[in-house]
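Undergrad: Those protein sequence lines, which keep their order, are chains A and B.
Mapping of the first sequence onto my numbering: position 178 corresponds to residue 184, and the numbering continues sequentially without gaps.
Mapping of the second sequence onto my numbering: position 121 corresponds to residue 127, and the numbering continues sequentially without gaps.
Be aware that a few hints might be false.
Covered stretches of chain A (chain B as the covering partner; in silico rule of three or more C-beta atoms under 8 Å from a C-beta of chain B) [stated by the list, open to error]:
1) 49-57
2) 64-74
3) 89-96
4) 109-118
5) 134-144
6) 180-186
Estimated spans, in silico, between C-beta atoms of each pair [stated by the list, open to error]:
7) B:Thr47 x A:Gly172: 46 to 52 Å
8) B:Met89 x A:Asp69: 22 to 28 Å
9) A:Gly87 x B:Glu134: 26 to 32 Å
10) B:Ser66 x A:Gly115: 50 to 56 Å
11) B:Ala175 x A:Ala178: 33 to 39 Å
12) B:Glu194 x A:Gly67: 26 to 32 Å
13) B:Glu191 x A:Thr49: 40 to 46 Å
14) A:Asp69 x B:Arg80: 31 to 37 Å
Hints listed in this document are in silico derivations from the structure and should not be mistaken for laboratory results.
Idealized CB from N, CA, C, for every residue including glycine.
Number of protein chains: 2
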Amino acid sequence: MHIAILTFDAFNELDSFIALGLLNRIKTPGWRVTLCCPTATVTSMNGVTVHAQSTLAEASGADAVLFGSGMKTRDIANDPGVMGQLRLDPSRQLVGAQCSGTLMLANLGLLNAVPACTDLTTRPWVQEAGVKVLNQPFYADGNVATAGGCLSSQYLAVWVIARLVGLDAARAAIDYVAPVGEKEEYVERALANITPYLPSVS
Amino acid sequence: MHIAILTFDAFNELDSFIALGLLNRIKTPGWRVTLCCPTATVTSMNGVTVHAQSTLAEASGADAVLFGSGMKTRDIANDPGVMGQLRLDPSRQLVGAQCSGTLMLANLGLLNAVPACTDLTTRPWVQEAGVKVLNQPFYADGNVATAGGCLSSQYLAVWVIARLVGLDAARAAIDYVAPVGEKEEYVERALANITPYLPSVS
Chain A
7 MHIAILTFDA FNELDSFIAL GLLNRIKTPG WRVTLCCPTA TVTSMNGVTV
57 HAQSTLAEAS GADAVLFGSG MKTRDIANDP GVMGQLRLDP SRQLVGAQCS
107 GTLMLANLGL LNAVPACTDL TTRPWVQEAG VKVLNQPFYA DGNVATAGGC
157 LSSQYLAVWV IARLVGLDAA RAAIDYVAPV GEKEEYVERA LANITPYLPS
207 VS
Chain B
7 MHIAILTFDA FNELDSFIAL GLLNRIKTPG WRVTLCCPTA TVTSMNGVTV
57 HAQSTLAEAS GADAVLFGSG MKTRDIANDP GVMGQLRLDP SRQLVGAQCS
107 GTLMLANLGL LNAVPACTDL TTRPWVQEAG VKVLNQPFYA DGNVATAGGC
157 LSSQYLAVWV IARLVGLDAA RAAIDYVAPV GEKEEYVERA LANITPYLPS
207 VS
């Protein structure tokens, strides 16, 4: 299984790395989580330069693809040189987006009539793209999910684990990273956010 | 103001980057948050290579220093070549640690009789170093704070902001990054975790 976390210049560290940290709690052979970038290195919105672990071409073949967010998302979402490299297909891949990443999903035509979550800043742009924005942290319709607010990247990651591995693995991952003394609260809230959208439950 | 986030090879991405993202919500002139590493680049526990933004020597002069955690913390905590470069002094600096970072604080003699938070894996090692471990996400005594469980790095960051800028700025930072629809819950919990340890309150 390969999960690619799309990470562009001026990216938001919280979005990409919370997902990456949580997804890497899975230790089964063949499970691969990568920071996926259009160039060999990208620099975050706060000046941290990181090295890519996979290419955009690899994302097209991944089992799950998550769009992080960032300060240049509007420009990148309209850049055919970048977006044209992505060949995503929710019929064979899980596709998720976080905050301004939702705008990329919309521009790629992957949302269509599906409502979506995003952050408060991106909200008007996503609405402008014709997508209904929900006032909640997480929403999924089949294989397409969106989340709003940096820390809700935990829900996107837990949803991917629940879909690709199972609910017990999702529970164990969030339990591990949750604050000491608040683990039950974190686990319950995360599962409450994602379970309505899991095929076996809904 | 300079806040240095100590980040070593095999570091945990959640600890360093949640703190970095939250602390960078402050936009006042002269506010500088850096990934502080012993070498020009370090590679995380999940294989992400990042570039340092400051050196260990700079940490000694920083206004606040946060120890992240990682998979090699025990070795690094016992490496005089690395630890010997740090000249930290809680009488003039805020010093915080996250999960296994707490072990570094203990080894540097910065905890003494102060109880501390850490993660469940590091717990026995911290106890072995003679420190009482608390079953809670955050604790501070004066200028020294510790947190346990990756996602409690949010509390460490919010405490630094509350101490160096003020409680309103701390509230605004956590509010911004919290999941859409759960902002009130996140803000209240974060403030409840740190306010008992703020000088003006306690």
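Undergrad: Broken hints, numbered, in rising order?
TA: 2, 3, 4, 7, 8, 9, 12, 13
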